[in-house]
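**Student:** Based on the sequences and whatever the hints tell you, model everything.
Order-wise, the sequence lines are chains H and G.
Going by full-length UniProt numbering, the residue at position 420 of the first sequence is 420; the numbering climbs one at a time, nothing skipped.
Going by full-length UniProt numbering, the residue at position 272 of the second sequence is 272; the numbering climbs one at a time, nothing skipped.
The set of hints was computed from the structure by calculation and includes no laboratory data.
Treat the hints loosely; a few may be bogus.
A partial selection of chain H residues facing chain G, derived with a Cβ cut-off under 10 angstroms [what the hints assert, rightly or not]: (1) Q69; (2) G245; (3) S277.
Even glycine gets a Cβ: it sits at the ideal position worked out from N, Cα and C.
If you want the building blocks of each chain, they are given just below.
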Amino acid sequence: MSIKTALRATSAIALCAFATTAIAQDTTITIATVNNGDMIRMQGYADIFTEQTGINVEWVTLEENVLRQRVTTDITTNGGQFDIMTIGMYETPIWGANDWLVPLDDLSEEYDVDDILPAMRNGLSHDGTLYAAPFYGESSMVMYRTDLMEAAGLEMPEAPTWQFIREAAAAMDDPENDINGVCLRGKAGWGEGGAFITVTGNSFGARWFDEEWNAQFDQPEWAEAVNFYVNLMNDYGPEGYATNGFNENLSLFQQGKCGMWIDATVAASFVTNPEDSTVADSVGFALAPNAEGVEKRSNWLWAWALAIPAGTQQEDAAKQFIEWATSKDYIELVAENEGWANVPPGARTSLYETPEYQEVPFAQMTLDSINAADPTNPTVDPVPYVGIQFVAIPEFAGMATEVSQEFSAAYAGQQTVEEALAKAQAITNETMEAAGYR
Amino acid sequence: MARDVTSRRKLINTAAAWAVGLVIFFPILWTFLTSFKSEAQAIAAPPLFLNFDWTLENYGVVMERSNYARFLWNSILIAGGSTILGLLVAVPAAWSMAFVPSRRTKDILLWMLSTKMLPAVGVLYPIYLLFIQLGLLDSRAGLIIVMMLINLPIIVWMLYTYFREIPVDILEAARMDGASLKSEILYVLTPMAIPGIASTMLLNFILAWNEAFWTLNLTSVDAAPLTAFIASYSSPEGLFFAKLSAASTMAIAPILILGWFSQKQLVRGLTFGAVK
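**Tutor:** See the structure below:
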């Protein structure tokens, strides 16, 4: 008896003993997603989609890193567990290039694919073909306390510099009242602190690679950027900032413990929501800063998008769902039931032309930040890669996680900035050599 | 005087045991308390211990959003199924190694244990591909087999230790009375090893219940157990600790209750043979 037959026999016995029969449905699609507010809201409205189309929807909600690992395993092995996957701007072009995703080049006319914000459409395409439809998009911007800023006698410019951010942080920092001048990400992880320090680097004129794929962490721009960040945070940041990510800073800001917070534009709806935020009525917004004289700002570009893995058996039903969930009608459905401030932002041009949405305090700044981000031209000096807070190559996630761990160790005072940069340089060059880029 | 010293020492020992117990239990207690807080209270600094507005809202949200019963049922079937299947394989294996050892028995035991030293992710792709070929992805049967296999070395080792404590003479006497191999294992060995088998079962059940690598990577909808239920409440962008704590409390409650009721057997089984 072969191993295969033996396994089959064992599984058959186990199946007989334990399995309960699933009720067959006509058409059911399985969607893998993350637990973000907008995604959860979409799950609530999925019944309407089922009513309209007769297509049932099953959800697999997972933590972001688990989701990434889970869908990567499934897509690379053609496992066919999911009909739709929630992925980001990093994965989409890479997976599209590998033919792992179904091209979204035949979306209906009513869907109006040209309405998708150009920055989003470019970031989710490979060779001009769209591979994922943005459910919501984001950039990053400065969120600041208008009351503290006023008390400090300062006025936030629409496009501040890092030098102004430092000046304002010094003015608003008030340890006695438990207010930190500025809260920024320091947590290890390529999508957490790694993303933040990468865009900070961009805004100081730094870059990950030169055009020959040589690591650039030994260049003065990186030293300037990381030293600026560490000094700013040591002087005016919260204690233990080396382990703070999006959620930790969100809670600090909501509790009134940050004068400024530079992070994802999607946070604007959280910090202005009076149910969760103690400072909801005194938040202002500005573009992400740059170093004086540097043309690139420190704003990133990201989208949570819906894509169809190439191995799916339910391609048509999956496309129908994607068209529904990322349509103008869906935005109106959410606006009708939960107000315009709660619609998924950053995906469609028409949303920003809607008069009701223009009244939402963070709408214009979100759009301006998204429009100011160009993934194909992210740095001052030319680079061989696409992506602003990431480098769209498969090796990046592992390499950048290691690099960000070195930076976080420097933030925590376990090593100097110079040591961290030297290690980052070595890690990056070794990885690129092993992968055959150099 | 001697009695005084003994009772004082007892008091100190008891206090120390309670202190260690509380430290170990604290994360569970904190999870439990957090599950009754609002999201804002859950991340309040300084942390709120008991003085907050207790709310059941998180449990309401979790029950509304997730099909808890389905996850629970899958956990019970996977943990239970793998435990039974594991014992069916491990009892004969441990018997042969304990009572009919060969020159290589020790090596086999060590080799079995060495499989536990391999990081699970190292074999993720081969197992995933095998599961695709056999049509076992997202099936309880597949997970039962995997859970059984990953816990098998531990079960065999535990049973082997218990069986070694049983005098061979008793088995020989049974054999002389004409007992077959089957009767020897079923009617002589098993009744004597019941405490050991029971604690092995319980430990294996707990290990399978808590396993969160294979259960997350090999399931999606139909076979997803409570570990997947917990994983669905973590959020990259948004506060989630209170709801995550509610989901965690609901996921660990059944196993905590089981552990509570069977603690006598567990402690007895785990310390069996420790002191001679």
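**Student:** Okay, which hints does this one fail, numbers in order?
**Tutor:** When the structure is compared with the hints, none of them turns out to be violated.
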